[in-house]
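Asker: The lines below spell out each chain.
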Amino acid sequence: MAITPPSERIWWKEPIAKIELYWIIIAFTWGLIMFFMMIYWHGAGEQNLSNEAYKIKPERFAEHTQDMIDAYTVRNESGFPVVHPPAGEDIYLTGRLYNWWPILELEKDQSYRLHLSSTDVQHGFSLQPVNINVQVHPGYDLVFTIRPDRAGEYGIVCNEFCGVGHHLMVGKIYVVE
Amino acid sequence: MSNSTEFRTCPTTGLKVDLAAEKLIKVNAVAAVVFLAIGGLFGLLVALTRWPEVHLLPADFFYLALTAHGLDVLLVWIIFFEMAVLYFASAVLLGSRLAAPKFAWAGFVLMLVGALITNVVVLQGGSSVMFTSYVPLKAEPGFYLGIILFAVGALIGCFVFFATLVVARQERTYQGSIPLVTFGAMTAAIIAVFTIASGAIILIPTLLWSLGYVSNIDPILYKTIWWAMGHSSQQINVAAHVSIWYAIAAMTFGAKPLSEKVSRMAFLMYILFLQLASAHHMLVEPGFSSEWKIFNTSYAMYLAVLGSMIHGMTVPGSIEVAQRSRGLTKGMFEWLRKAPWGNPAFAGMFMSLVFFGFIGGISGVVMGTEQINLIMHNTLYVPGHFHGTVVAGTTLAFMAITYYLVPLIFRRELKFMAVAKLQPYVFGIGVAGISVFMMGAGTLGVSRRHWDMQFADAVLPFDYPSAAFLMMGLNGMSAILAALGGIMFVVVVVGSVFFGRKLEKDEKPSYPEVPPQSAVVAQHGSSESLKIPGTTMLVAIFFIAFVLYYFVNWKYLSEIWPLS
Chain A
2 MAITPPSERI WWKEPIAKIE LYWIIIAFTW GLIMFFMMIY WHGAGEQNLS
52 NEAYKIKPER FAEHTQDMID AYTVRNESGF PVVHPPAGED IYLTGRLYNW
102 WPILELEKDQ SYRLHLSSTD VQHGFSLQPV NINVQVHPGY DLVFTIRPDR
152 AGEYGIVCNE FCGVGHHLMV GKIYVVE
Chain B
61 MSNSTEFRTC PTTGLKVDLA AEKLIKVNAV AAVVFLAIGG LFGLLVALTR
111 WPEVHLLPAD FFYLALTAHG LDVLLVWIIF FEMAVLYFAS AVLLGSRLAA
161 PKFAWAGFVL MLVGALITNV VVLQGGSSVM FTSYVPLKAE PGFYLGIILF
211 AVGALIGCFV FFATLVVARQ ERTYQGSIPL VTFGAMTAAI IAVFTIASGA
261 IILIPTLLWS LGYVSNIDPI LYKTIWWAMG HSSQQINVAA HVSIWYAIAA
311 MTFGAKPLSE KVSRMAFLMY ILFLQLASAH HMLVEPGFSS EWKIFNTSYA
361 MYLAVLGSMI HGMTVPGSIE VAQRSRGLTK GMFEWLRKAP WGNPAFAGMF
411 MSLVFFGFIG GISGVVMGTE QINLIMHNTL YVPGHFHGTV VAGTTLAFMA
461 ITYYLVPLIF RRELKFMAVA KLQPYVFGIG VAGISVFMMG AGTLGVSRRH
511 WDMQFADAVL PFDYPSAAFL MMGLNGMSAI LAALGGIMFV VVVVGSVFFG
561 RKLEKDEKPS YPEVPPQSAV VAQHGSSESL KIPGTTMLVA IFFIAFVLYY
611 FVNWKYLSEI WPLS
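Chains A and B, in that order, are what the protein sequence lines are.
Numbering follows the numbering used here, in which position 22 of the first sequence is assigned residue number 23; successive positions increment by one, without gaps.
Numbering follows the numbering used here, in which position 294 of the second sequence is assigned residue number 354; successive positions increment by one, without gaps.
None of these hints come from the bench; they were simulated from the model.
Note that the structure is predicted; figures quoted are calculated from it, not measured.
Glycine residues also receive a C-beta, built at the ideal position from the N, C-alpha and C atoms.
Mixed in with the good hints, there may be bad ones.
[As the list claims (entries may be wrong)] Now the in silico label distances, taken between C-beta atoms and shown as ranges: (1) B:I261 with A:E53: 25 to 33 Å; (2) A:L22 with B:I261: 35 to 43 Å; (3) B:D120 with A:I27: 32 to 40 Å; (4) B:G391 with A:E53: 56 to 64 Å; (5) A:V75 with B:I261: 44 to 52 Å; (6) A:I27 with B:W401: 24 to 32 Å; (7) B:D120 with A:E53: 33 to 41 Å; (8) A:E53 with B:F603: 35 to 43 Å.
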């Protein structure tokens with residue numbers, strides 16, 4: 002029994018039953034398949050998070066964001082500047098208590114280098130309804146390239162608890178033709 | 061010292077029980093159940109708030125309740141119970157005296173004081189930073205201090221366990237190797253030492269930061285090391301509840317492991333690879349390479365997952381062999397159909413096994429895939445997954461073994477047997493519902509740790525799909541069912557421990573029955589005679605479900621915006 006010492010003293014020399022051995026081989030092989038699937042997707046898949054990131058002072062990141070806002074704001078909406086940067090440009094999105102700043106307007110099927118950071122605590126960038134979720138840290142600039150492939154209006158929810166107003170923190174991205 | 065130790069002999073199992081160990085098992089189990097009741101209540105409040113039509117608590121109290129819920133059930137209930145398991149698996153199963161019972165008591169007191177301090181600080185309201193307390197969110201110093209004291213107490217308990225293994229070996233209280241269940245508990249204790257060391261490395265500086273002696277804690281560094289504690293501590297649970305599966309199989313059926321070698325190797329995989337799991341929480345964070353993520357998130361090519369998949373066959377397989385040897389050989393599943401489904405220890409254990417594999421296990425591997433994490437990180441899919449592992453898996457298994465501990469260790473007849481028989485089903489189905497519906501909501505994008513999915517007061521409007529609201533309603537109803545199961549458990553256990561009939565010295569309780577002698581066919585390693593067609597079928601169904609669900613999620617991923 003499992004609650005008593007093994008009945009065979011030399012238990013490590015007992016043969017393993019075939020059915021157990023087959024299952025170990027199948028399960029191990031499945032593990033290898035799942036392992037190589039991640040590597041395969043880096044070559045063949047279109048959804049990979051880049052590993053590009055920089056340390057940055059929160060004030061510096063806020064400045065980059067403001068420079069972009071100053072250059073490319075096209076209108077205002079509920080107190081948020083709506084920014085339409087040229088395709089291919091570096092774009093900045095700041096998570097802060099309690100909004101995503103500013104609203105971005107992007108063109109469909111164009112690539113942008115998106116910079117994400119926070120100027121206070123950690124936030125969670127959760128783009129809906131596409132359901133892309135990335136963690137946002139103060140002091141770190143995470144950069145990856147996005148290519149929106151459907152036009153429409155997208156919400157950005159904060160999905161990392163950031164304080165008592167966490168559930169008020171909503172942002173927006175427009176994708177236009 | 062060994063001369064002064066008093067023993068009794070258990071009339072049901074024939075085990076020699078050190079009375080000092082017995083008392084420590086009792087106090088740790090009682091403390092565990094008290095915190096389960098408190099933490100479970102907070103959990104119900106959380107679920108009722110997240111049910112949009114009910115929306116019970118105001119925002120600040122919701123975040124407070126969520127912090128307390130995580131602490132009390134994920135940490136306090138589980139680790140107190142694990143201390144009881146460690147003392148049981150060492151002193152009782154080896155028929156040895158417990159080493160240094162005074163230290164074990166000191167550990168218990170530290171854990172209790174720590175748990176109380178953290179609870180009081182959280183209830184005061186200034187520390188609603190969630191269980192994970194990600195910097196730079198700052199809690200009161202007492203929050204960190206309490207957790208540190210609790211962890212130190214648990215560390216002492218681990219060392220008492222190791223010392224007891226040494227004492228038992230030196231005093232030759234058993235022949236040959238330690239039992240498989242003790243081996244599994246040792247796995248848990250080894251992982252616990254790693255876990256607690258990681259916790260100390262990050263929480264002590266964080267305490268100093270909260271006091272103002274340290275100016276800055278890097279959020280990425282904090283998270284990486286915090287999860288070396290946070291995720292590894294869940295692996296302690298896995299090692300502990302798998303040991304309990306084996307223990308209940310042995311105590312109910314006299315089941316022998318199919319192969320000692322295979323089962324022990326599977327436990328060894330946990331020790332070698334589980335601590336890499338911190339990476340599961342860092343897949344969409346800045347500052348890590350994909351090589352680092354892929355190697356660590358897969359436990360070095362899924363070797364720890366392999367361990368769990370092995371246990372998934374050997375535990376039901378050993379039960380099947382024992383049942384078949386008793387003549388339940390008709391068809392594929394007579395052994396399972398005629399299993400004692402009215403015995404709450406068995407019912408709880410078997411549901412724990414099935415839910416842990418199908419719900420918690422599969423979802424965990426899928427979510428821990430580097431790229432797939434993008435469509436799940438911090439959504440309700442995450443708590444959906446870990447309620448499948450920690451509640452449907454660990455908590456249900458701990459509840460199941462409690463039905464044996466009450467008569468055998470507390471020496472009381474179990475009261476309210478009719479309630480006890482239903483309890484695992486009510487709790488198990490409720491928790492399975494919680495897990496599945498949260499995963500459903502998460503797949504639809506709903507955020508975890510969020511007070512208002514309707515965003516009523518937000519400046520910019522946003523709506524989740526209506527199916528997500530349905531999921532949250534079903535989640536709330538499942539939570540009520542699970543809470544009912546939790547109340548039934550507390551009623552049975554508290555009722556039996558305080559008001560159950562006291563057993564006379566050497567009197568056998570009417571429940572549980574004496575485990576039957578191990579069957580002849582269950583000779584381990586007898587590769588010729590091993591016939592487990594039912595288990596093979598269950599494992600095949602599991603494997604097909606796993607493969608299909610895994611690739612379905614790659615399909616989901618391929619539909620989101622291209623990223624690079």
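Asker: Now, for every hint given, state plainly whether the structure supports it.
Answerer: How the hints compare with the structure:
1. Our hint of 25 to 33 Å for I261 (chain B) and E53 (chain A) holds, since their Cβ atoms are close to 28 Å apart.
2. Taken as a hint, the range 35 to 43 Å holds for the pair L22 (chain A) and I261 (chain B), whose Cβ atoms sit roughly 41 Å apart.
3. A C-beta distance of roughly 51 Å is found between D120 (chain B) and I27 (chain A), which places it outside the suggested range of 32 to 40 Å.
4. The hint said 56 to 64 Å for the Cβ distance between G391 (chain B) and E53 (chain A), and at roughly 59 Å that hint holds.
5. Taken as a hint, the range 44 to 52 Å holds for the pair V75 (chain A) and I261 (chain B), whose Cβ atoms sit roughly 49 Å apart.
6. For I27 (chain A) and W401 (chain B), the Cβ-Cβ distance of about 30 Å falls inside the hinted range of 24 to 32 Å, so the restraint holds.
7. At about 38 Å, the CB distance of D120 (chain B) to E53 (chain A) agrees with the hint of 33 to 41 Å.
8. Taking 35 to 43 Å as the suggested C-beta distance range, the pair E53 (chain A) and F603 (chain B) conforms, at roughly 38 Å.
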